[in-house]
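**Q** Listed below are the residues making up each chain.
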Amino acid sequence: VSGAIQVAGVGAVSCAGWTATQLCEAVRTAAQLPAKELARPGWNHGLQVRQVPGANPRPAFFAHPRFRRTSPISLYAVAAALEALGPDRELIARRELKLGIVVCVMSGCVNYSRRFYDELLRDPSTASPLVFPETVFNAPASHIGALLNCTCINYTVVGDAGTFLQGLAMAADWLQEGRVDGCLVIAAEEADWLTSEAARLFEEKIILGDGAGALYLKASSGSAQLKAVTDSHLFLNRQDRNCAALKMKAELPELAGRVLLCDSATGFADLDAAEINAWKNWSADRVSVKKTLGEGLAASSAWQCVFAVDSLRSKKHDAATISVLGSNQQAIGAVFSCESCRE
Amino acid sequence: MPPGGCPGWASAVPAFDFSSGGSLSLRVLFPRPWQEKGSPRVVITGAGVVTAFGAGWKKNADGFRTGRTAFQPVSLFDTSKHRAKVAAEVTFNGDFPETRLRRPQLRRLDRASKLLLLAASEAWEQARWEASDGLPVVLGTTSGGMALGQDFYRQALAHPQTHFKQATRVVHYQCQRQALDLCDAFGFSGPLTLIANACASGTNSIGHAWELIRHGRAERVLTGGYDSLSELVFTGFDSLQALSTTQCRPFDHQRDGLALGEGAAVLALETLESAQRRGAVILGEIIGYGAATDAHHLTQPHPEGDAALASMNEATRVAGITPDQVGYINAHGTGTPLNDSAEALAINRWSGEAVSRMRVSSTKASIGHTLGAAGSIEAVICLMSLREQWLPPTSTLQTIDPACRFQLVTKPEEARVDCALSNSFGFGGANATVILRRWQ
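Sequence lines, in order, name chains E and D.
Take the first sequence: its letter number 262 is residue 262 in my numbering, and every next letter is one higher.
Take the second sequence: its letter number 343 is residue 343 in my numbering, and every next letter is one higher.
The set of hints was computed from the structure by calculation and includes no laboratory data.
One or more of the hints may lead you astray.
[Claimed, not checked] Computed footprint of chain E on chain D; a stretch qualifies when at least three of its residues, placed anywhere within it, have a C-beta under 8 Å from a C-beta of chain E: (1) 162-168; (2) 187-200; (3) 238-244; (4) 427-433.
[To be verified] Cross-link-like lysine to aspartate or glutamate pairs, in silico, EDC-like; alpha carbons within 20 Å at most: (5) 98(E) to 306(D); (6) 165(D) to 203(E); (7) 81(D) to 203(E); (8) 85(D) to 123(E); (9) 81(D) to 118(E).
Glycine residues also receive a C-beta, built at the ideal position from the N, C-alpha and C atoms.
Chain E on its own, in the form it takes in the complex:
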């Protein structure tokens, strides 16, 4: 093992607000956050979503030329990234810190994809060239890189919610290899009637949430640390969700002290069955961020990690276990701990 990986910062945007503090407070108090209706063409009622509220005050970066036409996913991703980076943003601007960027999405830039395809169906000859580039999966990652003037390695990784934990492992590799001095791992999604309807095909009462979460990792000790990410256990013909969840659970170490389990349960029995089974003997503290924030797809697991790290920093727990059962790809887990946070 070549060194510790520190969580140097966290950031979050969610229906609770534009900061990690708001997210953590909402989850901690199990706040009943209002859902909003998104109009759905052809229906006489809308689709409920837990959408990010308008930013007030507007973050300064909204004025950057790159953000004149971006869709919400890019704004969320950047806001979470900047909050996580904190003062290190200045070091990056002065080229004194090499920053890697990993952006994780599942649904991605769906607002502009839908809008562009809608324009295409009306008349392809008038479809907007301004909209199309914002449909590309790596548009948010590109905007973050441009805002920070960061020219180092920058990946957009697609997959279900577990992808964020894969992104943490990827960032840890880059840090341990000395390829970068710091690495932002971000997951972001934006609400749209299209994705909400798609999700309802699998659970009629599910409410999607949008936003972003970010962890800023550095290769150093101190503060909260990323201690482990399990293997990614795929949902395959020969391995169902139940098996994948049990294997993930088995790879996670037994932790001493006050341990928090931060799981990916949605509150719907069918969707949660495998995860409930895997953790049926868990008796310590447990939190399910989706029950407050909605199903945030890739962003959900970032929110889980943000909440876990906040809980360590605020000395409520000594260690936190993250359990993620994604919707259609993998079961994967992670562990954070904070020796210096212990009372």
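Given the coordinates of chain E, assemble chain D onto it according to the supplied hints.
**A** Here is chain D on its own, set in the frame of chain E:
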């Protein structure tokens, strides 16, 4: 208690045993054992490719070696209102490789999945790998099953109360489903990493796979890229006026845009030690990878090619070679005015004194821009060049852009090539370079 029916249960051990002070599992993603013996050499033991030339090494080698082009009027959707009318479409001849996929899975395969599976099947057979747990898969794509997403949207609008087949479309639209089908087809269990760095994805995926092996994270990795044509993406490039309305002519003084294609390429990568232990046929070696980000513009490269230069410099530095050792460059060379001028400047700058001897071509003149597949397909073309000692031409080139101070290959030719470099650049400022070496 070990659950019945869970394969590989015995391999599930704690990621990090705190009580023992740090015993590690090889399988977990973090922390992983650090490479102690120095970086292993990474070789290619399988390569599969599908383009508009057809499926398989031979059909493609014949096409590139003779400098043919494979464009035709688009048949997959109506282009009557588009500026551009042609693309390099793949024709499926009905033969599909034997795999472990179940009949319902086979029925649900979309166009992109079929391309991916065809290429993977060729690579898998060539490598003679066995089904196993724990084979990492790293793939690049820009749009996964976009055509299914389009179907979903059209039905949602036309029949708002009907959900017939919509759930299937939702699932199979997503690229992780296509990658999972790949795992099911050959009986391995990942993990999956799906890189979506626009048109650089296919090179980023190979580079990332190479790094996993080089840094001791895996002994072998299946990697590649795939993308199928879709109306949304075709219209997108058309709306940007990036598609040629005449003929795609990369590095031509009169070039007026790119032409789209579709396809897939998959490589079986493993350590040299593993390949030799198995007695595998080694097709070539990957020796360098570089990636850099261009913060200049969402769709336009820096006019001086700064990030392209950084990417090429990093790849050569990592490979431990100098530009004069590179015998062939497969350029990104889309045929758009901005890409080719920036890339030409980058190649000029990177080559230094070797520029006048540098041999360069863009095979997008033959099979179009295959987006997320491009970098992987072009890596396979480099492999062909290295193994068979010929250079593929920029087959449509008429008048060379004077910005090109290097030698553009305009006709198929025999050549001695020991190292080949492939560039891929994408929207969002993604730049990636991979360097391959001949295996002798």
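**Q** Hint by hint, work out which the structure violates, then give me just those numbers in ascending order.
**A** Of the numbered hints, just 7 does not hold.
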